[in-house]
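First to last, the protein sequences are chains A and B.
Plus 1157 on top of the position in the first sequence (first one is 1) and you've got my numbering.
Plus 5 on top of the position in the second sequence (first one is 1) and you've got my numbering.
Quick caveat, the hints were computed from the structure, so don't treat them as lab data.
Glycine residues also receive a C-beta, built at the ideal position from the N, C-alpha and C atoms.
Please note: incorrect hints may appear among the correct ones.
Within a straight-line C-alpha distance of at most 20 angstroms, the following computed EDC-like cross-link-like pairs (lysine to aspartate or glutamate) qualify [stated by the list, open to error]: (1) K1255/A / D1202/A; (2) K8/B / D1320/A; (3) K1244/A / D19/B; (4) K1380/A / D93/B; (5) K8/B / D1339/A; (6) K1370/A / E72/B; (7) K8/B / D1202/A; (8) K8/B / D1260/A; (9) K1232/A / E22/B; (10) K10/B / D1320/A; (11) K10/B / D1262/A; (12) K1226/A / D93/B; (13) K8/B / E1283/A; (14) K1277/A / E1292/A; (15) K10/B / D1172/A; (16) K99/B / E1298/A; (17) K99/B / D1294/A.
Here chain B is said to cover these stretches of chain A; the calculated rule only asks that three of the stretch's residues, wherever they fall, bring their Cβ under 8 angstroms from a Cβ of chain B [to be verified]: (18) 1167-1181; (19) 1253-1263; (20) 1311-1323; (21) 1359-1372; (22) 1375-1384.
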Amino acid sequence: MKRKFRIFRYQPDKDKKPYYKEYEIEIEDGWTVLDALNHIHWYVDGTLAYRRACRSEICGSCAMRINGKNRLACKTQIKTLGSGTIKIEPLPGLPIIKDMVVDMDPFFRNLEKVKPYFIKYSPLPEEEQLQTPEERDLINEAAMCILCGACTTSCPSFWANPDYLGPAALLKAYRFIFDSRDEGGKERLEIINDRNGLWRCHAIFNCTEACPKNINITHYIKKLQNLAVNNQF
Amino acid sequence: MLKPKWFYPSYRKDVGEWAWILHRLGGLALMLYLLLHIFVTNRLAAGPEAFNSTMKALSTPTFKFLEWGLWGVILFHAFNGIRLVLIDFAGASKYQKTLFWIAFALFLALWIPAAWKFFL
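So here's chain B without its partners, still in its complex pose:
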């Protein structure tokens, strides 16, 4: 007998599985960000010069771009989180696809225009 695999990337993904994958990856990204955030805040303990130099290193275009990405992850995770709460507690399973597209639209509407704030 052939053993089963633990994941089948080729399985046809519908809205629900995409939402789950993005939600999980987003959650991991947010956790990594929190670690970085704690590290950066902790630089305050090393005195103003150390903190300022860290902050300077973090204001490069690469980090600006990552920051904008972070804002996107937060938005998606938050709106899809509300969708999941509605599915869990409000019996909204039947409307999960509509809810996903609403969450996705809200995420895009707040994320794309925000680029202007981050880059200009």
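Next comes chain A alone, as it looks inside the complex:
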């Protein structure tokens, strides 16, 4: 079956402006968008640049905008995209280096701000620290994040203000603040309880829609907002 792809192109060494290029290729049943990109890259146009690694939705490298919405190319079955031309663009809100390759630095800088690691002040226990199933349930979904950036770059608040921590960083903050083994909750809450933190979330739900791991990110940001308010007054 033949399918048309309309792909965002920008090569900084020769293009002054980005443009869209159409490719029509023969696809096989069961192909994902990543399979199609690989086919184009290997057999049609070797200059096409995009990130990929695991091709099994766990590394988060191939997040891009497919038919207007952020998704993982390796998770998106071409079959699910209707019958029209498939439009592929880089993630919005980040500087574009080349074609689908964006500069993820602003994203990871924001992540770093929330201290995305375990903080422990009391002496380290000799054995592993167990959690009850109830304690684990609190962070189970939030810990599924693969840091692909689909959520943060789908957020209009982040587009307008790249200093906004964004859904991914806030979700990471939630994951540690609500972890029964972590002791850095207070300092993290102080960092995110900021005009460029929690309070720039306007419940637009683009992050939740975009998340390839189906995490209800807005729900967790709201839980953090509630925690911040209850701590303050």
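Based on these hints, arrange chain B on the given structure of chain A.
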């Protein structure tokens, strides 16, 4: 490197983003209405004739239509506002889409039939 844009109108909008856009635009419209409202009320200070002539200017069909529109904006902003309060304080994020459609249905149910009150 290509600089990012501050808004991407072509990003696929789901219920949540539409609700946000309508809520924001509605909020702006309500603010403009309040300014107009203060101006109109202030005409009272200029005496009964001035006020009556202003009121007459405001009873043209165009303003009737705008008034009906205003009623719509108020309704949507109010019902979606309740949806947002539930999301913020009652942990209703999981039901945001259902809540939006309930708010939208209430808005239509009170807005469309109200045209009869405004125009007849």
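Evaluation of the provided hints:
no.	hint	verdict
1	K1255/A / D1202/A	14 angstroms, holds
2	K8/B / D1320/A	15 angstroms, holds
3	K1244/A / D19/B	18 angstroms, holds
4	K1380/A / D93/B	8 angstroms, holds
5	K8/B / D1339/A	38 angstroms, violated
6	K1370/A / E72/B	46 angstroms, violated
7	K8/B / D1202/A	25 angstroms, violated
8	K8/B / D1260/A	10 angstroms, holds
9	K1232/A / E22/B	24 angstroms, violated
10	K10/B / D1320/A	14 angstroms, holds
11	K10/B / D1262/A	16 angstroms, holds
12	K1226/A / D93/B	25 angstroms, violated
13	K8/B / E1283/A	50 angstroms, violated
14	K1277/A / E1292/A	17 angstroms, holds
15	K10/B / D1172/A	18 angstroms, holds
16	K99/B / E1298/A	14 angstroms, holds
17	K99/B / D1294/A	17 angstroms, holds
18	1167-1181	holds (count 3)
19	1253-1263	holds (count 3)
20	1311-1323	holds (count 5)
21	1359-1372	holds (count 7)
22	1375-1384	holds (count 6)
When the structure is compared with the earlier hints, violations turn up for hints 5, 6, 7, 9, 12, 13 and for no others.
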